[in-house]
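Work out the full structure: start from the sequences and follow the hints.
For what it's worth, this note's numbering labels the leading residue of the sequence shown as 16, then goes sequentially.
Each hint should be verified, as a subset may be incorrect.
[Said to hold, decoys possible] Derived lysine-lysine pairs resembling DSSO-like cross-links, with alpha carbons at most 30 Å apart:
| hint | residue 1 | residue 2 |
| --- | --- | --- |
| 1 | Lys176 | Lys54 |
| 2 | Lys94 | Lys81 |
| 3 | Lys54 | Lys98 |
| 4 | Lys54 | Lys116 |
| 5 | Lys94 | Lys116 |
| 6 | Lys18 | Lys29 |
| 7 | Lys54 | Lys81 |
| 8 | Lys128 | Lys81 |
| 9 | Lys81 | Lys116 |
| 10 | Lys98 | Lys81 |
| 11 | Lys77 | Lys155 |
| 12 | Lys128 | Lys77 |
| 13 | Lys29 | Lys54 |
| 14 | Lys94 | Lys77 |
| 15 | Lys81 | Lys155 |
| 16 | Lys116 | Lys176 |
| 17 | Lys29 | Lys155 |
For the record, the hints were derived by calculation from the structure and aren't laboratory data.
Keep in mind that this is a model prediction, so the values were computed, not measured.
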Amino acid sequence: MWKTRVTRFLECSKWFVGGGVLSILFYDNVGYVHTVRGKSMAPTLNPGPTRALLREQVWLSKLPYKPRVGDIVVFRSPKHGSKLAMKRVAAIGGETIVPSKVMKSGGGPVTMKPGYVWVEADNRDTAGRDSNEYGQLHEKMIIGKVTWLLWPWTRIQDLRKTQLPFQTQ
Numbered sequence: 016m017w018k019t020r021v022t023r024f025l026e027c028s029k030w031f032v033g034g035g036v037l038s039i040l041f042y043d044n045v046g047y048v049h050t051v052r053g054k055s056m057a058p059t060l061n062p063g064p065t066r067a068l069l070r071e072q073v074w075l076s077k078l079p080y081k082p083r084v085g086d087i088v089v090f091r092s093p094k095h096g097s098k099l100a101m102k103r104v105a106a107i108g109g110e111t112i113v114p115s116k117v118m119k120s121g122g123g124p125v126t127m128k129p130g131y132v133w134v135e136a137d138n139r140d141t142a143g144r145d146s147n148e149y150g151q152l153h154e155k156m157i158i159g160k161v162t163w164l165l166w167p168w169t170r171i172q173d174l175r176k177t178q179l180p181f182q183t184q
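Dropping the structure here:
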C-alpha cells in the first residue's frame, strides 16, 4: 500500500516540477502580464484613477525584436537597476530628436548613437523618469515590448497600433 502512495506522489511531483519549469521558461523567454503603475503613459495607459484595483494590465512580450519608434517598452531603470519603467520609444540609433524637456540633454537636438534609443512618456505633464533624465538608453536595457492591453476588459486593444502622442524631429 505504501508503495502505491509513493508511486502516486512521485508521478504527481513530476507534473508539478515539469509545469513549474515550463512556467519559468515561458516567463523568462516569451512574456508575462505586467501591471501599469502611474500616469506617465496616460492617455494610452491608465487614463483614469490608478487605485490598485483599477491599474491596467498589459502583455509584455520578451521575444527578441528590434525597437522601433512608437513602441511601448519596459526597461530597467539606469539609475535604479531593480526598478522597471515603461515608456514609448521616441527615437532610435541614427535619428535626431529634440527632447521634450531641458535636463541632461542641454536643450538642443540629440543625435542617437547606434544601439541606443530615446524613450519618453506619453503624458508630458507627469512624465516621470525618461530619457530627458537618463539620456540615451542602450537597447540591452529593454526587457520587452508591450503589445496588448488586457485589463480592464472594456479597453482590450492591440498596443502595437497606437498613435504617437509626440513627433520626432
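Structure-based check of all given hints:
no.: 1; hint: Lys176 to Lys54; in the structure: 20 Å, holds
no.: 2; hint: Lys94 to Lys81; in the structure: 23 Å, holds
no.: 3; hint: Lys54 to Lys98; in the structure: 16 Å, holds
no.: 4; hint: Lys54 to Lys116; in the structure: 17 Å, holds
no.: 5; hint: Lys94 to Lys116; in the structure: 18 Å, holds
no.: 6; hint: Lys18 to Lys29; in the structure: 17 Å, holds
no.: 7; hint: Lys54 to Lys81; in the structure: 26 Å, holds
no.: 8; hint: Lys128 to Lys81; in the structure: 15 Å, holds
no.: 9; hint: Lys81 to Lys116; in the structure: 26 Å, holds
no.: 10; hint: Lys98 to Lys81; in the structure: 22 Å, holds
no.: 11; hint: Lys77 to Lys155; in the structure: 12 Å, holds
no.: 12; hint: Lys128 to Lys77; in the structure: 23 Å, holds
no.: 13; hint: Lys29 to Lys54; in the structure: 44 Å, violated
no.: 14; hint: Lys94 to Lys77; in the structure: 22 Å, holds
no.: 15; hint: Lys81 to Lys155; in the structure: 10 Å, holds
no.: 16; hint: Lys116 to Lys176; in the structure: 26 Å, holds
no.: 17; hint: Lys29 to Lys155; in the structure: 36 Å, violated
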